[in-house]
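Protein chains: 2
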Amino acid sequence: MFKINDNYLKLPGSYLFSTIAKKVAAYIEANPDAKIIRLGIGDVTQPIAPAIIEKLHGAVDEMGHAETFHGYAPDLGYAFLRDTIAKNDYQDRGCDISSDEIFVSDGAKCDCSNIQEIFSLDNKIAVCDPVYPVYVDSNVMAGRAGDYDAATERFTNVIYMPCTAENNFTPELPKETPDLIYLCFPNNPTGAMVSKAELQKWVDYANKVGAIILYDAAYEAYISEKDIPHSIYECEGARTCAIEMRSFSKNAGFTGMRLGFTVIPKDIKSGDVTLHSLWARRHGTKYNGAPYIIQRAGEAVYSPEGKAQLKEQVAYYMKNAKVIYDGLKGAGYTVSGGVNAPYIWLKTPGNMTSWEFFDHLLADANVVGTPGSGFGPSGEGYFRLTAFGTYENTVEAVERIKKL
Amino acid sequence: MFKINDNYLKLPGSYLFSTIAKKVAAYIEANPDAKIIRLGIGDVTQPIAPAIIEKLHGAVDEMGHAETFHGYAPDLGYAFLRDTIAKNDYQDRGCDISSDEIFVSDGAKCDCSNIQEIFSLDNKIAVCDPVYPVYVDSNVMAGRAGDYDAATERFTNVIYMPCTAENNFTPELPKETPDLIYLCFPNNPTGAMVSKAELQKWVDYANKVGAIILYDAAYEAYISEKDIPHSIYECEGARTCAIEMRSFSKNAGFTGMRLGFTVIPKDIKSGDVTLHSLWARRHGTKYNGAPYIIQRAGEAVYSPEGKAQLKEQVAYYMKNAKVIYDGLKGAGYTVSGGVNAPYIWLKTPGNMTSWEFFDHLLADANVVGTPGSGFGPSGEGYFRLTAFGTYENTVEAVERIKKL
Numbered sequence: 199m200f201k202i203n204d205n206y207l208k209l210p211g212s213y214l215f216s217t218i219a220k221k222v223a224a225y226i227e228a229n230p231d232a233k234i235i236r237l238g239i240g241d242v243t244q245p246i247a248p249a250i251i252e253k254l255h256g257a258v259d260e261m262g263h264a265e266t267f268h269g270y271a272p273d274l275g276y277a278f279l280r281d282t283i284a285k286n287d288y289q290d291r292g293c294d295i296s297s298d299e300i301f302v303s304d305g306a307k308c309d310c311s312n313i314q315e316i317f318s319l320d321n322k323i324a325v326c327d328p329v330y331p332v333y334v335d336s337n338v339m340a341g342r343a344g345d346y347d348a349a350t351e352r353f354t355n356v357i358y359m360p361c362t363a364e365n366n367f368t369p370e371l372p373k374e375t376p377d378l379i380y381l382c383f384p385n386n387p388t389g390a391m392v393s394k395a396e397l398q399k400w401v402d403y404a405n406k407v408g409a410i411i412l413y414d415a416a417y418e419a420y421i422s423e424k425d426i427p428h429s430i431y432e433c434e435g436a437r438t439c440a441i442e443m444r445s446f447s448k449n450a451g452f453t454g455m456r457l458g459f460t461v462i463p464k465d466i467k468s469g470d471v472t473l474h475s476l477w478a479r480r481h482g483t484k485y486n487g488a489p490y491i492i493q494r495a496g497e498a499v500y501s502p503e504g505k506a507q508l509k510e511q512v513a514y515y516m517k518n519a520k521v522i523y524d525g526l527k528g529a530g531y532t533v534s535g536g537v538n539a540p541y542i543w544l545k546t547p548g549n550m551t552s553w554e555f556f557d558h559l560l561a562d563a564n565v566v567g568t569p570g571s572g573f574g575p576s577g578e579g580y581f582r583l584t585a586f587g588t589y590e591n592t593v594e595a596v597e598r599i600k601k602l
Numbered sequence: 199m200f201k202i203n204d205n206y207l208k209l210p211g212s213y214l215f216s217t218i219a220k221k222v223a224a225y226i227e228a229n230p231d232a233k234i235i236r237l238g239i240g241d242v243t244q245p246i247a248p249a250i251i252e253k254l255h256g257a258v259d260e261m262g263h264a265e266t267f268h269g270y271a272p273d274l275g276y277a278f279l280r281d282t283i284a285k286n287d288y289q290d291r292g293c294d295i296s297s298d299e300i301f302v303s304d305g306a307k308c309d310c311s312n313i314q315e316i317f318s319l320d321n322k323i324a325v326c327d328p329v330y331p332v333y334v335d336s337n338v339m340a341g342r343a344g345d346y347d348a349a350t351e352r353f354t355n356v357i358y359m360p361c362t363a364e365n366n367f368t369p370e371l372p373k374e375t376p377d378l379i380y381l382c383f384p385n386n387p388t389g390a391m392v393s394k395a396e397l398q399k400w401v402d403y404a405n406k407v408g409a410i411i412l413y414d415a416a417y418e419a420y421i422s423e424k425d426i427p428h429s430i431y432e433c434e435g436a437r438t439c440a441i442e443m444r445s446f447s448k449n450a451g452f453t454g455m456r457l458g459f460t461v462i463p464k465d466i467k468s469g470d471v472t473l474h475s476l477w478a479r480r481h482g483t484k485y486n487g488a489p490y491i492i493q494r495a496g497e498a499v500y501s502p503e504g505k506a507q508l509k510e511q512v513a514y515y516m517k518n519a520k521v522i523y524d525g526l527k528g529a530g531y532t533v534s535g536g537v538n539a540p541y542i543w544l545k546t547p548g549n550m551t552s553w554e555f556f557d558h559l560l561a562d563a564n565v566v567g568t569p570g571s572g573f574g575p576s577g578e579g580y581f582r583l584t585a586f587g588t589y590e591n592t593v594e595a596v597e598r599i600k601k602l
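Going down the list, the sequences are from chains W and G. Each residue of the first sequence is one higher than the one before, starting from 199 at the first, in the numbering used here. Each residue of the second sequence is one higher than the one before, starting from 199 at the first, in the numbering used here.
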């Protein structure tokens, strides 16, 4: 008689964004005339840039002719894309990463959730609190997180690193030694950032205790200040302890196109086994590559035209971030983030819980945001708004919130 | 100190097709003038059909304008595609499957390897021998297969069901009761097929012992004879025991486009937990949907023009299958498959092992095939050729093999 993986039953409720989608759908059904503005899920609204569209059309035409048709992609991605990534994102920044250390995938969410599979189930993870739910949930499903304790709203076998106003929303080194450390900077959901010196501390720590840092840099394109690392490989020693995940979703609007990559330096070893070889094996066995036309689109992201067009796109969203930040601050809210990240993190007014504020905002301003408590217990009393709406909607949403 | 998932170290050697690729690359480097014909890996050669190319261009244009841009896809796939699949592949064939039981994905390989994650690690799997390596390898990596025994070339905790000339390459019900049964018809690698009555026996058996059948129907489009089931849901009772995986790779040439789907009827339960809800949770947490433009391309597969063009494409490959089958049979080889499947399964001549024949064919005919032993010990002494080459290359390859 078959049995299910009952680790799944340890997950409390449904995935955060599914819950939000259901609540919004129910509200719309009851209020069909409401003009909802969505600043909740981190989905983009600007169309794919013209240079990328042009490349996509070209690649589609290639697929239509036998001479230029592309079947199965190379396991780890096309060389044209891996070479381009290695040069632009790493070598040009002085990071020692070669193209055969880059694994092209269908997105950072998949990579962030799959990466734990190459590690022992005995490993203990450390995560920020609040945190992107996928890191913890994927470990719960694998059986690495222990049980859910409803009293603390935490899993018993996970090390939580609170990120609060007191520590400027950046974690301190954990007291208990973890094996795997998830870090995300610029941070989702708080929009916080670390300096290079601060990140170096984490790299030194990981190398000292033999931990692996799983570094989610999906929001790298939004860094606007100096001395903020764009990659963890800017830190000395990262080649022996850090895996970096990147996405095309936020810098190029690929949320509906699906492209990302993971960097695993060949220097990370357990005995004489490289993590690189394990991930390559996983890619070869459990994955079959991103579509050719999408990989070509990814290449266009790094063309001169693509870069120029995407710089404008990022600037568009960062203007939104400023509208939200300044508007809410002016209205008396306590806000952070929004400077090196497309997320604004705000304290809910009065003694409202995060979900109370969600309901209030949905019902009274018809604005959808994300409850901070959905990201972890330390997110309670906070709320995330994204800069990924249209400018017009963002201005309108802020006006509505101000009037509450 | 982090530890790796050492189940990975139990995998013998590298993934079959990676090994073949390396051998071929080495041969080409040593013999740069050789005109290699590849009938090894099951990759297609015909371009994407015009009706699909047209749809792709349209979808690309949509992505380039804010009004028609598509961001994150619905977790389980767009309704336009799921509805189309449910109608065409199931309801029109009299199978009771609804669109919300269909999960769109980036391919059958991913689904076949990921599906085991929703089951307990205590479950015991049964596989055909020979078999598509992904079923076993994904279970090895998860820790469900036991240890590799070099003497038997088998994993200690897997039930192998030999498919040999004696049983017409179709498995018998296993003596030991499995929890999960992987079946693939039309079969990769042998090209064998089961009748509906025979498949019904498996469904009845699974329901009786409480096992789940994981049914890989990736080659369904190649069925040419009557009384051969196109879906396991043509069998009575399959809704309580069978999960079906489908691909767009072979019926529509999507190997480089990446699209597939898995069907999980809501009637399959463990206690009051549906497998449907577990797979939905996995999709929502560890996956982020197939690209919008690719899902639109999938929709075009079912349009009247798409259907007509793809019928021709399948006929093209099946003509190749006949060329190989008839040619090798005429030359004195013992061959099977190739009638309801794009694979021809042949007995190696003399006492050659599968890899000896591979090397012989590569060196003396410059033809690449797949060694039967790569699919399991019962495949030793056999060899797989695919019908997915061009017609000209297929004819030429058969001529060369005849001359050996």
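I should point out that these hints are in silico values taken from the structure, not numbers from a laboratory. Fair warning: this is a prediction, and the values are worked out from it, not measured in the lab. Don't take every hint at face value.
The list makes no distinction among identical chains, and a pair is therefore deemed to hold if it is satisfied within one copy or across any two copies.
As the list claims (entries may be wrong) - DMTMM-like, lysine to aspartate or glutamate: derived pairs with alpha carbons at most 25 Å apart:
(1) K285 / E434
(2) K322 / D204
(3) K509 / D259
(4) K406 / D241
(5) K221 / D273
(6) K600 / D562
Structure-based check of each hint:
1. K285 / E434: within (19 Å within a copy, 57 Å between copies)
2. K322 / D204: both (19 Å within a copy, 16 Å between copies)
3. K509 / D259: For K509 and D259, only the inter-copy Cα distance (21 Å) is at most 25 Å; the intra-copy one is 28 Å.
4. K406 / D241: Answer is neither; intra-copy 38 Å and inter-copy 47 Å both fail.
5. K221 / D273: between (40 Å within a copy, 16 Å between copies)
6. K600 / D562: For K600 and D562, the Cα distance is within 25 Å only inside one copy (11 Å; across copies 79 Å).
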